[in-house]
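**Student:** Chain A is fixed; fit chain B onto it per the hints.
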Amino acid sequence: MKGAVLLSVPLLAVSLAAARAEPGTVAMDHGTDIFRKIVTELDYAARDGGQWRWHVDGWIGGDVERVWLRSSGKVADSEVASAELQLLYGRNVHPFWDVLVGVRQDPEPDGKTWAAAGVTGLAPYFFETDATAFLSTDGDAALRLKQSLDIPLTQKFIAEPHVELNVYANDMPERGIGAGFSDVELGMKLRYEITRKFAPYAALTWERALGETASRARAAGEGVEETALRLGIRFWF
Amino acid sequence: MISARTCFAATGALLAAVMAAVPANAGEYRLTVSTASVEVDGRTVEKMTINGSIPGPVLRFREGEQATITVTNETREPTSVHWHGLLLPGVMDGSPGFNGFMGIAPGTSYTYTFNIRQSGTYWYHSHSGTQDQSVLGAIVIDPAAPPSIASDRDYVVLLSDITPENSDRVLHNLKADPGYYNYRKRTLGDFLRDARRDGLGAAWRDRADWGAMRMDPTDLADVTGYSFLVNGKTPDENETFLYSAGEKVRLRLINGSAMTIFDVRIPGAKMKVVASDGNDVHPVTVDELRIGVAERYDVIVEPAGGNPLTVFAEPVDRTGYARATLATAPGMEAAIPPRRPRALLSMADMGMTHGGHDGAQMNHDHHQMMNHDGHDMMNHGDHQMMNHDGHDMMNHDGHQMKGHEDHRMDHGPGEHRNHAPQEHRGHEGHGSHNMPDGMKAAAAPEGEARPVGWASGFPPDAKVLAYEDLRRHHANADNRAPDRTVELRLTGNMERYLWSLNDRRFQEASPIRVRYGERVRINFVNETMMAHPMHLHGMFFELENGAGAYRPLKDTVIVPPGKSVSVILTAREVGAWPLHCHLLYHMVSGMMTGFIVEPPETAQGGITPDGAILPLAVSHEGAAAHHGGHAAHGGI
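For the protein sequence lines, the chains are A and B, in the order given. Numbering-wise (numbering that gives the first Met the number 0), the first sequence opens with residue 0 and increments by one. Numbering-wise (numbering that gives the first Met the number 0), the second sequence opens with residue 0 and increments by one.
Hint data in this document are derived by calculation from the structure and do not stem from the laboratory. A virtual CB, placed ideally from N, CA and C, is assigned to each residue, including glycine. One or more hints might be untrue.
Pairwise CB distance ranges, derived in the manner of DEER restraints [as the list claims (entries may be wrong)]:
no., chain 1, residue 1, chain 2, residue 2, range
1, A, T153, B, A207, 20 to 26 Å
2, A, T153, B, P458, 50 to 56 Å
3, B, A207, A, F197, 30 to 36 Å
Here are some chain A residues pointing at chain B (derived, C-beta under 8 Å) [claimed, not checked]:
no., residue
4, P94
5, L121
6, F125
7, I150
8, P151
9, T153
10, F234
Chain A on its own, in the form it takes in the complex (with noise of 0.2 Å):
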């Protein structure tokens, strides 16, 4: 299956990464100035004969300068709907915040590559954020930011409310997508922490096509709102 190629790739080059950081199993062993946080969520949905959602983040470095690793897509149907990989160079600024640069692929799609930039930290409230501007190699130009928020509501059962949202500056037809904003997500995640480390979750997603966007979608005889309820994972090392 194509997607699981596909997933494998952005998994494969980020186990390869951990493999080097991995500490030892005594304490001076050599390197340990090198520290990850690599998170991984992996979730189905009951739709479209069975939808497959992964989104990778996490960055392997010291306190400053660090390399993020970054992949999100989805299968659909047994077909990989789309698919993105970022290799990024972040450095630490300020005391919650990174700048980020690097390059986006879009192996799905249609394989564009896009330049990427943006910044990621923790704003006041506890809100984890990112907004990262793309460039692609064809002229087109968007911007996306997240949020998302940690309310524990015990020690373990953890609600993770969070949001995002895409804009373009220009059209892209062949995804058919028009300039302005174009699509948001909502979504309250519920995850029980059985480790730090692990925790299955379940999630309530709002998705909508907004502006143009959503005119494609409708004049193509799509829906422009899609809700679901997912079954995942969630785990880091």
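**Tutor:** Leaving out everything else, chain B in the frame of chain A:
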């Protein structure tokens, strides 16, 4: 759980243990650092040990004799042993990266020789990476003259913490998720309960204040999962100190923990504190004391009758306890006292208060509230809070926050009072108006109300040792005003698990240099929300606690969250000395610097009279705070 009995040490280590137990000559010891399987919290794990056990043997010396200690490294990584609190030539201090000492490579030995110039209670531990959580032991030095306080029994009470986790893994987890070990976070349920009790507005404002700073009031300890030990014994194993009715028992309390600050009490008996960090003090009788990592207090206990008494040590985050028993026969035990509720930090713990200030003031982009230069956000103008209860030290705090260097210099010796950790108990230091339940909560079980603030939670009628109570046994000879003040801000960023001094991690910092004979004040200003036990190697400092010429000598001092503590010293120990937070993971994350005492001009030939190699410098390679780094190459 851990015990020497369950250690399966290498044959060599056992042999060395036997040899160490019977020293060839007075003042001569052989120690072997090796890896052994030990049982911790029901799991068998590999830990580094001294002579196959945790802790290693008690080293006993007499003032005036020469110590000769050969340390053999049978592990696969470089190690070191540092003699905490001892006055000695720099190269014998055992701190890799300092004074030319580069650690002890695997398979090699290093012989430390130095003259014993002091007496009292000290300890030793590895100064390499995160090893000191298991490579440790006590040192007891008998005075040349008879002790000023007599006792019939004399016991070491070495408190420590140990986790089954690999200590390097702990650091990685903290770097990836600083809240990794905090399972006492405030939940939605806590919010609803607070809202019912204090009103929705107050509960919301409290959350908003902490959220604006991106800080967590439950962050009392970075690491949990520890077992707490007395002389290596778990509470179940019940270390027992025997006495006969009517006897005076001297307990040498040593906090040899990696990360744990303890509250110590002996229900049913008073403790008479007679020494602090190895130095005799005027006896002061207390019910309880708080002992920071690496601090020592000698206490005299006179148990009334023949009933057993529990020596009870609770970590400040109340995640467990260590205990031992004073008993007239083996096997006796006394009741385990009820556990104290865990405190919640308050805004006042960081020099802030809700009182009368606009909450938004703190919201401005000051991230890391602690890390900015302009202390104007610190609300020092709020004298309503500062003068609460007429505590003059609160005013000092204000001055320091404002950075009035010259004003501070006006204080003569002894007038410069400190914030001792215990003085903020109850409401007196906190401005109770913003935390109406502050006092009531002290005695209430957790879940209903929690004590608020650093060092709260003691019963109101208990006498708790305060730094102000410590007066040196005899007057200090040198009472000159300081020639200069070194301002050392204790800084950090919990969200990234970064710890630093003056905003610089060890590897980024230039060492502090002072002249031989210079009188130096070090003013520790804690800009973080955690308490830091600050330790200077190689010399004692005088704690400026208002005791005049009787300022107590210490080598480690707790600087409470958001508070300032100053010490003063005359630089007569030539060398490059580590100055660092003694919380293990703070030190290895960078909360350390070098304190260099330049040699007198009489030094010749690149070697000072006491053997320090010139020029004095600090190597970041190999030093503990440069974690990992290249310590692995540091051998010999």
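**Student:** Provide an ascending list of the numbers of those earlier hints which the structure does not satisfy.
**Tutor:** 2, 10
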